[in-house]
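Now for the letters of each chain:
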Amino acid sequence: MADPLVIAGKTFRSRLIVGTGKYPSPAVMADAHVASATEMVTVAVRRVNLTDRSQPSLLDAIDRDRIFILPNTAGCYTAEDAIRTARLGREVGLSNWVKLEVIGDERTLFPDNVALLEATRVLVAEGFVVLPYTNDDPVACRRLEEAGAAAVMPLGAPIGSGLGIQNPNNIRIIKDQARVPVIVDAGVGTASDAAIAMELGADGVLMNTAIALAQDPVAMASAMKLAVEAGRLAFLAGRIPRREYASASSPAKGLIAAVSPSERSGAGVETRVTERASRGAAFAEASAPGAGGPGDQS
Amino acid sequence: MTIRLNGEPYELPGPVTLSALLHSLDLDARRVAIERNLVVVKRQEYTTTTLHDSDEVEIVNFVGGG
Numbered sequence: 019m020a021d022p023l024v025i026a027g028k029t030f031r032s033r034l035i036v037g038t039g040k041y042p043s044p045a046v047m048a049d050a051h052v053a054s055a056t057e058m059v060t061v062a063v064r065r066v067n068l069t070d071r072s073q074p075s076l077l078d079a080i081d082r083d084r085i086f087i088l089p090n091t092a093g094c095y096t097a098e099d100a101i102r103t104a105r106l107g108r109e110v111g112l113s114n115w116v117k118l119e120v121i122g123d124e125r126t127l128f129p130d131n132v133a134l135l136e137a138t139r140v141l142v143a144e145g146f147v148v149l150p151y152t153n154d155d156p157v158a159c160r161r162l163e164e165a166g167a168a169a170v171m172p173l174g175a176p177i178g179s180g181l182g183i184q185n186p187n188n189i190r191i192i193k194d195q196a197r198v199p200v201i202v203d204a205g206v207g208t209a210s211d212a213a214i215a216m217e218l219g220a221d222g223v224l225m226n227t228a229i230a231l232a233q234d235p236v237a238m239a240s241a242m243k244l245a246v247e248a249g250r251l252a253f254l255a256g257r258i259p260r261r262e263y264a265s266a267s268s269p270a271k272g273l274i275a276a277v278s279p280s281e282r283s284g285a286g287v288e289t290r291v292t293e294r295a296s297r298g299a300a301f302a303e304a305s306a307p308g309a310g311g312p313g314d315q316s
Numbered sequence: 104m105t106i107r108l109n110g111e112p113y114e115l116p117g118p119v120t121l122s123a124l125l126h127s128l129d130l131d132a133r134r135v136a137i138e139r140n141l142v143v144v145k146r147q148e149y150t151t152t153t154l155h156d157s158d159e160v161e162i163v164n165f166v167g168g169g
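Line order of the protein sequences matches chains S and E.
Take the first sequence: its letters are residues 19 to 316, numbered as in our numbering.
Take the second sequence: its letters are residues 104 to 169, numbered as in our numbering.
In short, the hints are calculated from the structure, not lab data.
Be a bit skeptical, because a hint or two may be false.
Stated by the list, open to error - Here are the computed distance ranges between Cβ atoms for each label pair:
| id | chain 1 | residue 1 | chain 2 | residue 2 | range |
| --- | --- | --- | --- | --- | --- |
| 1 | S | L181 | E | S122 | 45 to 55 angstroms |
| 2 | S | L251 | E | S122 | 26 to 36 angstroms |
| 3 | S | Q233 | E | S122 | 43 to 53 angstroms |
| 4 | E | E159 | S | G145 | 45 to 55 angstroms |
| 5 | S | D70 | E | M104 | 17 to 27 angstroms |
Unchecked claim - To spell it out: a stretch of chain E is covered by chain S in this simulated footprint if at least three of its residues, at any positions, have a beta carbon under 8 angstroms from a beta carbon of chain S; those stretches are:
| id | stretch |
| --- | --- |
| 6 | 115-126 |
| 7 | 129-142 |
| 8 | 146-152 |
To be verified - Some, not all, of what chain E presents toward chain S, calculated at C-beta under 8 angstroms:
| id | residue |
| --- | --- |
| 9 | P112 |
| 10 | G167 |
| 11 | G168 |
The structure displayed is predicted, hence computed values, not measured ones.
Glycine included, each C-beta is placed from N, C-alpha and C at the ideal position.
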């Protein structure tokens with residue numbers, strides 16, 4: 019298998035982790051999962067609805083032969099609640115992994131990193147594979163890794179915001195120092211955001227809303243699959259350094275033009291008008307005065 | 104007797120096992136997890152765990168999430 023994602027010794031061919039919330043229907047979710055080629059999806063742990071039993075089981079809409087279940091502790095505001103929720107998620111019997119969330123603020127859903135670290139320590143000691151959702155803070159990520167996290171999952175932007183990677187430099191620094199996989203979790207809005215996360219060196223991307231609430235979730239799932247792959251390839255390929263000015267791709271030697279741009283700069287409007295006049299009526303019409311036609315930049 | 108089930112008062116005819124409770128609720132034990140008085144109960148202990156008055160019971164399952 020070329021370039022797999024390995025977390026806690028488990029191998030995934032896909033670097034895209036997808037959620038199971040907010041889809042228009044279970045069927046659309048299942049199709050989106052197929053289109054995304056994901057091999058790991060998150061699920062939430064909630065009280066069974068004892069009054070309305072008409073809802074189908076989420077698990078029936080997940081292809082568990084192909085897809086690994088990652089229970090989360092979303093919605094927990096204390097280490098204690100997150101630990102209880104993680105234990106219940108494990109007891110369902112599909113996974114001893116947990117996407118650990120301890121939320122510290124209702125409006126931003128930013129993590130409470132102190133409680134997160136505490137919960138990570140407890141759950142690692144209990145044998146969980148802990149994947150904490152955390153700030154894009156290199157120091158917090160280092161602490162979580164030291165506490166035994168199997169991966170660190172810094173946010174790109176607030177959950178469900180679709181704002182894209184707000185602090186690319188931090189993501190790069192986190193990846194640079196981490197010895198466990200770095201999964202950018204939350205904030206992706208569209209395919210380019212996922213590609214950017216991967217180009218920064220992230221080992222994977224986790225997203226829910228960007229796919230589930232897209233106008234066409236299945237098409238967006240395909241786009242995300244391609245974006246994650248493209249971003250990963252670009253990262254491995256090694257991008258060129260950024261530079262302030264142009265660097266010509268075509269050879270400077272052998273040009274038929276004998277006049278350099280600096281020599282030509284004085285020629286101005288007259289030269290351009292002469293060029294246009296020789297190109298026929300159709301072109302002249304298209305680049306009528308004030309139209310700003312293509313001839314203006316020749 | 105009365106227990107608290109998923110945060111609400113719930114009447115039981117008398118001491119029953121978790122297995123019996125799940126059965127009466129028509130719940131598949133393989134799809135849920137149970138916490139009793141803040142402690143997770145292992146699935147293999149459902150048949151031997153008897154509920155008592157005032158027990159706090161949480162029955163959870165997986166739902167969609169991110």
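*Index of numbered hints that the structure contradicts, given in increasing order*: The structure conflicts with hints 2, 4, 6, 8 and 9, although it agrees with all the remaining ones.
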